[in-house]
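There are 2 protein chains.
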Amino acid sequence: MTNENCASCLLKSKATKNLKASELNLLGENCVQVSFDKGETILKQNTLSTNIVYLKTGLVKLIADGPKRTQILKIKKAPCYLGLPTTMGDKINNYSIIALEKSVACYVEIKVFKELLKISPEFSYEIMLDLCQNELFLYKRFVKLLQNQIYGRLATNLLFFSNEIYGSDEFDLPLNRNEIADLICTSRETVSRLFTDFSKDNIIKIEGKHIKLLNKRKLEEISKNG
Amino acid sequence: MTNENCASCLLKSKATKNLKASELNLLGENCVQVSFDKGETILKQNTLSTNIVYLKTGLVKLIADGPKRTQILKIKKAPCYLGLPTTMGDKINNYSIIALEKSVACYVEIKVFKELLKISPEFSYEIMLDLCQNELFLYKRFVKLLQNQIYGRLATNLLFFSNEIYGSDEFDLPLNRNEIADLICTSRETVSRLFTDFSKDNIIKIEGKHIKLLNKRKLEEISKNG
DNA sequence: AGACTTTTGTGATATCTATCACATTTTTCT
DNA sequence: AGAAAAATGTGATAGATATCACAAAAGTCT
Chain A
227 MTNENCASCL LKSKATKNLK ASELNLLGEN CVQVSFDKGE TILKQNTLST
277 NIVYLKTGLV KLIADGPKRT QILKIKKAPC YLGLPTTMGD KINNYSIIAL
327 EKSVACYVEI KVFKELLKIS PEFSYEIMLD LCQNELFLYK RFVKLLQNQI
377 YGRLATNLLF FSNEIYGSDE FDLPLNRNEI ADLICTSRET VSRLFTDFSK
427 DNIIKIEGKH IKLLNKRKLE EISKNG
Chain B
227 MTNENCASCL LKSKATKNLK ASELNLLGEN CVQVSFDKGE TILKQNTLST
277 NIVYLKTGLV KLIADGPKRT QILKIKKAPC YLGLPTTMGD KINNYSIIAL
327 EKSVACYVEI KVFKELLKIS PEFSYEIMLD LCQNELFLYK RFVKLLQNQI
377 YGRLATNLLF FSNEIYGSDE FDLPLNRNEI ADLICTSRET VSRLFTDFSK
427 DNIIKIEGKH IKLLNKRKLE EISKNG
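Chains as they are written, first to last, in this note's numbering: chain A, 227 to 452; chain B, 227 to 452.
Just so you know, these hints were derived from the structure itself, not from any lab. Among these hints, one or two may not hold up.
Since copy identity is lost for identical chains, a pair holds within one copy or between any two.
[Unchecked claim] Okay, derived cross-link-like pairs now, BS3-like style, lysine-lysine, Cα gap no bigger than 27 Å in a straight line: (1) K294 / K444; (2) K282 / K240; (3) K438 / K340; (4) K366 / K337; (5) K431 / K282.
Fair warning: this is a prediction, and the values are worked out from it, not measured in the lab.
Please model the complete structure; the sequences and the hints are all you need to start from.
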C-alpha cells in the first residue's frame, strides 16, 4: 500500500485538520489515491465494507437497488467522506457509489480510520457532526420526495443542482433522463414531459443536458408547494 | 438541576457503559429525568436545540411538517437516544418527538454531552455507530416508501411493528388511522380500505387498534414487491 | 462516414390513489 | 348517562402518473 502524503495534501478534509503530524502519517501509510472516470464504480453494493472513502475532487451518486428499480439516494460533491455509514454500520456495503464525472478518491482502511477516531476526539467530533448534518438533510430530502408531486420533486432537485452543486443558474446536468427519474422517483417519460412543460412555461431552457434556470423564483414556489 | 444517579441506573445506554465513575457523575449532575403521558411532546420542532434526550422506557414518534402534511419520520422504542442529529447538527430542532405511550426520558445538556464525547473515545464511538446504523435504516425505509405502492408500504410497517417493536404477531397499534397515514404517506381513507382488504384476504385480523397478523409470509411478500 | 446502440419525446391508455361527501361508530368530557 | 367531538368506513369521482408503443434524435464505435 503506497504511502500518501496526507500532511501536504491541499484537499484534505476539515476533520483531518485536527490530526497531529504523527496521526496524518498513520493515515498516509494506510491510504491509496485512485482516479475515476465518469461512470466508474468507487464502491459497490453487496461487497464487504473494508474502507472509508474520501472524495478529493469530483461528483458522485449513491445508489441502491429498491423493490422496483435503482434508487439514487444522494448526490455528493467533493470534498467529502463517502460510505461512512455503510462501512461503520454494517459489514456489507448497503449501496454503490458511482462517479458522475472525473473524480479522485482516497481509500482508507477501516481499522486505521477507527484508530484515528479513538486517538483524536476533535477528528471524531467533526465526523460525528457530518453524520448528524447528513441525517437532517436526508429527512428534509425524503419528506419532500414523499409528499410533493412530480413537478415539485423535479423543481427541488434542479434547485439543488443550481445552488449546492454548480453555484450557477446555468449548467450541464450530470444525469441522463433515466437517472433523473431514479433521483426523483418517476419514469423517464414523465421527466421528459416535465422538462417540456417547464420549457413551455419559460421556467427553464433546456438543450440536451445543458440547462438554464430562467425563473428560479417560480421553481422555488413549485418546490415548496409541490 | 437535580442530580440523577446515572451510575446506578439499570436502563442506561450501551454507550454510557464505557464511561468511568467520574464521567457518569458529570452526566448525573447535568441530567433530568422526566415522565410523559401518551401524546405529550418530548422535543418540539423549531425550538432551540439545547439537550440530548435519552429515552429510558416507552415508545415515541419523530414528526416533521412537510409540504403537505405532518410526516412521521421514524418510530423509536426505548432504550435509545433521541434528537442527536438535530441537537448536534443544527441550532433549531428540525423535528418534534411525541410519546406514543407512557414514557420516561432523561434530558442531558448538550455541553455536557459534547464534553463526554471528547473525554471518552469509547462512548463517542458507540454514539457514532448508532448514527451510522440509523442512516442505513433510513435509506432502506425511505426507498421502500418511495418505490412501493400503498399495500407494500402498509405491509412493511406492520412487519416493523410486529418484529421490531412488539416482538409478537398480535398487538395494539400505537397509532390511529390518521397517524398511520402520516407514517406511510397516504390518506386515512386509503388506510381504512387497506385494512379492510387485508382482513377480507385473511392476511390480518383487526378490531379497532388491536391487530393480529394471520399471514406474515404474505405480508413479507407484499412488503418486498409492493 | 456509416452502422449500431442508446437516449429521448410524444401519444394513447390504464391504473392507482386522492378527494369529497356523508353516515356510523367510538371515544371523551361533563 | 348523555352530549359532543373525534375517528372510522365506504361510495363515487377526479386527477396524477405509469405503462406501452413507436418514431426520431443523439451518441458511440469501427
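Tested hints:
For the homomeric pair K294 and K444, the shortest alpha-carbon distance between copies (18 Å) is at most 27 Å, but the shortest distance inside one copy (32 Å) is not. Only within a single protomer do K282 and K240 lie at most 27 Å apart by alpha-carbon distance; the minimum there is 12 Å, versus 35 Å between protomers. Taking the shortest Cα distances, K438 and K340 never come within 27 Å of each other, neither inside one copy (44 Å) nor across copies (44 Å). With identical chains, the CA atoms of K366 and K337 are at most 27 Å apart between copies only, with a shortest distance of 26 Å across copies and 32 Å within one.
For the homomeric pair K431 and K282, neither the shortest alpha-carbon distance inside one copy (32 Å) nor that between copies (54 Å) is at most 27 Å.
Violated hints for the displayed structure, listed by number in ascending order: 3 and 5.
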